[in-house]
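Chain by chain, the residues run as shown.
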Amino acid sequence: MIRLFGILTGLFFAVAVLWSFGNGAFVAATEGMGEETAEKVFYEHPEKLELPSDGIFGTFDVAQLQRGYQVYKEVCAACHSLKFVAIRDLAQLGYDEGQIKAEAASFQVPGIDPNTGEATTRPGLPTDYFPSPYANTVMAAAANNNAIPPDLSLITKARDDGTAYVHSLLTGYSSPPAELTQQFPNFSTPPGLNFNRYFPNLNIAMAPPLAADGQVTYAPGNPDPTIDQMATDVAAFLTWTAEPTLVKRRQAGFAVLGFVLFATILAYFAKQQVWAAVKPKKAAKAKD
Amino acid sequence: MSFPWAREYQPTNGLMKFLDERLPLPRLIHGAIGAGYPVPRNLSYMWNFGVLAGFCLVMQIITGVVLAMHYAPNALVAFATTEHIMRDVNWGWLMRYAHANGASFFFVVVYLHIFRGFFYSSYKAPREMIWLPGVVIFLLMMATAFMGYVLPWGQMSFWGAKVITGLFGAIPLVGEPIQVWLLGGFAPDNAALNRFFSLHFLLPFVIAGVVILHIWALHIPGSSNPTGVEIKTEADTLPFHPYYTAKDGFGLGVFLLLFLAFVFFMPNALGHPDNYIEANPLSTPALIVPEWYFYPFYAILRAFTIDFFFIPAKLMGVLAMFAAILVWFFLPWLDKSPVRSGHYRPLFRIFFWILMVDMAALFWLGGTHAEEPYIMFSQLTTAYYFLHFLVILPIVSSIEKPKPLPYSITESVLGSDKDASPAIPAAAN
Chain A
3 MIRLFGILTG LFFAVAVLWS FGNGAFVAAT EGMGEETAEK VFYEHPEKLE
53 LPSDGIFGTF DVAQLQRGYQ VYKEVCAACH SLKFVAIRDL AQLGYDEGQI
103 KAEAASFQVP GIDPNTGEAT TRPGLPTDYF PSPYANTVMA AAANNNAIPP
153 DLSLITKARD DGTAYVHSLL TGYSSPPAEL TQQFPNFSTP PGLNFNRYFP
203 NLNIAMAPPL AADGQVTYAP GNPDPTIDQM ATDVAAFLTW TAEPTLVKRR
253 QAGFAVLGFV LFATILAYFA KQQVWAAVKP KKAAKAKD
Chain B
54 MSFPWAREYQ PTNGLMKFLD ERLPLPRLIH GAIGAGYPVP RNLSYMWNFG
104 VLAGFCLVMQ IITGVVLAMH YAPNALVAFA TTEHIMRDVN WGWLMRYAHA
154 NGASFFFVVV YLHIFRGFFY SSYKAPREMI WLPGVVIFLL MMATAFMGYV
204 LPWGQMSFWG AKVITGLFGA IPLVGEPIQV WLLGGFAPDN AALNRFFSLH
254 FLLPFVIAGV VILHIWALHI PGSSNPTGVE IKTEADTLPF HPYYTAKDGF
304 GLGVFLLLFL AFVFFMPNAL GHPDNYIEAN PLSTPALIVP EWYFYPFYAI
354 LRAFTIDFFF IPAKLMGVLA MFAAILVWFF LPWLDKSPVR SGHYRPLFRI
404 FFWILMVDMA ALFWLGGTHA EEPYIMFSQL TTAYYFLHFL VILPIVSSIE
454 KPKPLPYSIT ESVLGSDKDA SPAIPAAAN
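Chains as they are written, first to last, in this note's numbering: chain A, 3 to 290; chain B, 54 to 482.
Keep in mind the hints are simulated off the structure, nothing from the lab.
Using N, Cα and C, we set each Cβ at its ideal position, and we do this for glycine too.
Misleading hints may appear alongside valid ones.
Derived EDC-like pairs (lysine to aspartate or glutamate); straight-line CA-CA distance at most 20 Å [stated by the list, open to error]:
| # | chain 1 | residue 1 | chain 2 | residue 2 |
| --- | --- | --- | --- | --- |
| 1 | A | 85 | B | 136 |
| 2 | A | 103 | A | 120 |
| 3 | A | 42 | B | 424 |
Stretches of chain A that chain B covers, calculated by requiring three or more beta carbons in the stretch to come under 8 Å of a beta carbon on chain B [what the hints assert, rightly or not]:
| # | region |
| --- | --- |
| 4 | 131 to 138 |
| 5 | 150 to 158 |
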């Protein structure tokens, strides 16, 4: 009885889903598999980017992180916040206490006037987080043609292949290629938007932030600040902001995995020894 | 214990005697994992996953309790406190990555445990009451994992919660009031986050309770085994300790190596990048998907694209998704073959492997964009899923001619049952 009921139920679900399938197959056969769009054909996955922090043995290049920080501060910070990173975290970039205090003091952060209690600003302290360029999202939207610049603290983890994405996006501005306009005559980049083949819908609100080589002046002894170099450095910096514990995590991983590997080998021999007495003497196993 | 050959617990010193008469905890341990629990001697590594699942549950509770000390279930700060754990809490990143990947590995282990049960028909008499609480555990795990994924309050948390609670909206007449009641509002917000946190903290302990039932029921008939032949004599068994503690110890080591490789070297590989974007009700992600371990059921949900007569497509999808798990409850009565092990069931074995390929396809399809040809693939695989459990299994189990079974477990291990008994060394007592 229960099996008869089961068979009927099974047939019910199978027929219902095959009904959907038949319908979909009919639509696919008569109208094709869905339209090609400019985004589907011309969007590109970020180009591979090699950084010292790649791979399981990778570590951050402190000089590169400092350059990336400089690019963030002089270019990105005009619109993008970095709200989960504290100024004290710069210690990991090789700055000493005095430098961090001075760096913190160079920012104005929201504060309270101790005499009147009114809202005011004060110089930052190392314990402060990086101040946001806008007081709130309404202001951010108003200043940016309604596109709110995303916070950059986690951007390299919040995008597929994020580190490469940041680099590709920053260097991927161009005019729409000729093949695109041929294949999709209706495709256009509305005023206020910019064509970028690494952005999912190809039109991004952000104007090219790195417009020219040498836009940021690096300290002597560093590579030339080409657009590509600046984009690489800021991608490295944002990889660090997204996960400051990256290197520590891998170091801990080697120690832990090494120990567990050792323990597993011991466990294997312990198991062999325990089982030795009861294992079949000959391989006379009757299997299958 | 109900095994006639199980060794009675004998307290060896005064303290243990004292305890045994008043609170027989040592006796419980002896009966659960000691010489009081004789286990078939031929268990393969497929029998490791129960212990591993138990390990995962304990690990999730420990890391979860620590995370709860630093997390705040408030929509304004939930995302920020998660980042606080990652950045400022000592070893917080380890706790969070271990918890997030621990959930994934818990499901890996439990899926393997369940598929082992499919192949060896572990659900059959006299083990139905092990299987049924087992399915309950799986359902509770799904609820717990779903609510846990909402807590970081990222984009996928928010939109996943919206989609899944939206399923209740498909119920005719009362659907929308139920949805509003469950969420405490019209969309996921602070009320939903708070209750999800509360339930996410509670449910693991409910799971632990059902696990006790699961193990209690296991200890009545004892473990199944790869031949599916029941224990005949003591020679067919080995005491759980030291034999299976040693074997499980090695299995645990291999499990930890894989798990920790993910935690330390690719902790975000099983997650979705969108969940590192703070929840924003005004911005819908391009692709809303649950965690990977829900993909098969998500694929089934999405496979129903048009109304089936008077049943709306959405309701049909929801019914099918729940039915896909509920059908497991009926397995002991759908599969009537007297033979348990798939090794001796030539026809069943073929369909079992087709089911595994079908499941693999559903795992893949649940994560794809809802567009052709993926929808058509998921419709075919969904059809097979239901046909397998509800049509093929009952029919195969009645028409199949099984291969001859070995006389006993000992025979299958040693080739003959004669010289088995002396092989048990005295040290095992």
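Which numbered hints does this structure break? 2 and 4
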